[in-house]
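Colleague: Sequence:
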Amino acid sequence: MEYLTLTRLSAKSDLINDVAKVLETKKDAQTAVDSVFAAITQAMKNEDTVTIIGFGTFKVSKRPARTAAGYFLILFMISDRNRNPFLATLS
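Following this note's numbering, the numbering of the sequence shown begins with 30 at its first residue and continues without gaps.
Among the hints, a few may not be true.
[Claimed, not checked] The list that follows gives simulated cross-link-like pairs (lysine-lysine, DSBU-like), each with its CA atoms no further than 35 Å apart: (1) Lys88 / Lys74; (2) Lys74 / Lys56; (3) Lys88 / Lys50; (4) Lys88 / Lys55; (5) Lys88 / Lys41; (6) Lys88 / Lys56; (7) Lys41 / Lys74; (8) Lys41 / Lys91; (9) Lys55 / Lys41; (10) Lys50 / Lys74; (11) Lys74 / Lys91; (12) Lys74 / Lys55; (13) Lys41 / Lys56.
[Claimed, not checked] With beta-carbon atoms standing in for the labels, derived distance ranges: (14) Ala61 / Thr86: 28 to 34 Å; (15) Val51 / Ile107: 29 to 35 Å; (16) Ser108 / Met73: 15 to 21 Å; (17) Glu53 / Leu104: 20 to 26 Å; (18) Asn46 / Ile69: 26 to 32 Å; (19) Met106 / Lys74: 18 to 24 Å; (20) Asp57 / Ser90: 31 to 37 Å; (21) Ala40 / Ile103: 34 to 40 Å; (22) Glu53 / Ser108: 25 to 31 Å; (23) Lys91 / Val51: 35 to 41 Å.
Please keep in mind that the hints were generated in silico from the structure rather than gathered at the bench.
We put the beta carbon where it would ideally sit given N, CA and C, even for glycine.
Sequences are here, hints too, so could you generate the full structure?
Modeller: This is the structure:
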């Protein structure tokens, strides 16, 4: 099995290019990346928490209203394994 090695990412297209190195085509890579983002986006709209073990957690946080309507904040909490490079080498 070939693993994905990410370069420094600055755009979604960079991620698609890196995923394409592992998959058959760039079209397959775009479908995979779009599917992951769509699933995370839908979960955020449903105010669900998305946890990707070893990567981090996406969570919606309701904030008090500053005007007539409240607003939401999406939080990303990086996993301890990725926060500390030493821990990543232990797994």
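Colleague: Hints first: check each against the structure and report whether it holds.
Modeller: Status of each hint after checking the structure:
no.: 1; hint: Lys88 / Lys74; verdict: 10 Å, holds
no.: 2; hint: Lys74 / Lys56; verdict: 26 Å, holds
no.: 3; hint: Lys88 / Lys50; verdict: 30 Å, holds
no.: 4; hint: Lys88 / Lys55; verdict: 30 Å, holds
no.: 5; hint: Lys88 / Lys41; verdict: 21 Å, holds
no.: 6; hint: Lys88 / Lys56; verdict: 29 Å, holds
no.: 7; hint: Lys41 / Lys74; verdict: 20 Å, holds
no.: 8; hint: Lys41 / Lys91; verdict: 27 Å, holds
no.: 9; hint: Lys55 / Lys41; verdict: 13 Å, holds
no.: 10; hint: Lys50 / Lys74; verdict: 31 Å, holds
no.: 11; hint: Lys74 / Lys91; verdict: 12 Å, holds
no.: 12; hint: Lys74 / Lys55; verdict: 28 Å, holds
no.: 13; hint: Lys41 / Lys56; verdict: 14 Å, holds
no.: 14; hint: Ala61 / Thr86: 28 to 34 Å; verdict: 21 Å, violated
no.: 15; hint: Val51 / Ile107: 29 to 35 Å; verdict: 23 Å, violated
no.: 16; hint: Ser108 / Met73: 15 to 21 Å; verdict: 18 Å, holds
no.: 17; hint: Glu53 / Leu104: 20 to 26 Å; verdict: 35 Å, violated
no.: 18; hint: Asn46 / Ile69: 26 to 32 Å; verdict: 20 Å, violated
no.: 19; hint: Met106 / Lys74: 18 to 24 Å; verdict: 19 Å, holds
no.: 20; hint: Asp57 / Ser90: 31 to 37 Å; verdict: 34 Å, holds
no.: 21; hint: Ala40 / Ile103: 34 to 40 Å; verdict: 19 Å, violated
no.: 22; hint: Glu53 / Ser108: 25 to 31 Å; verdict: 29 Å, holds
no.: 23; hint: Lys91 / Val51: 35 to 41 Å; verdict: 38 Å, holds
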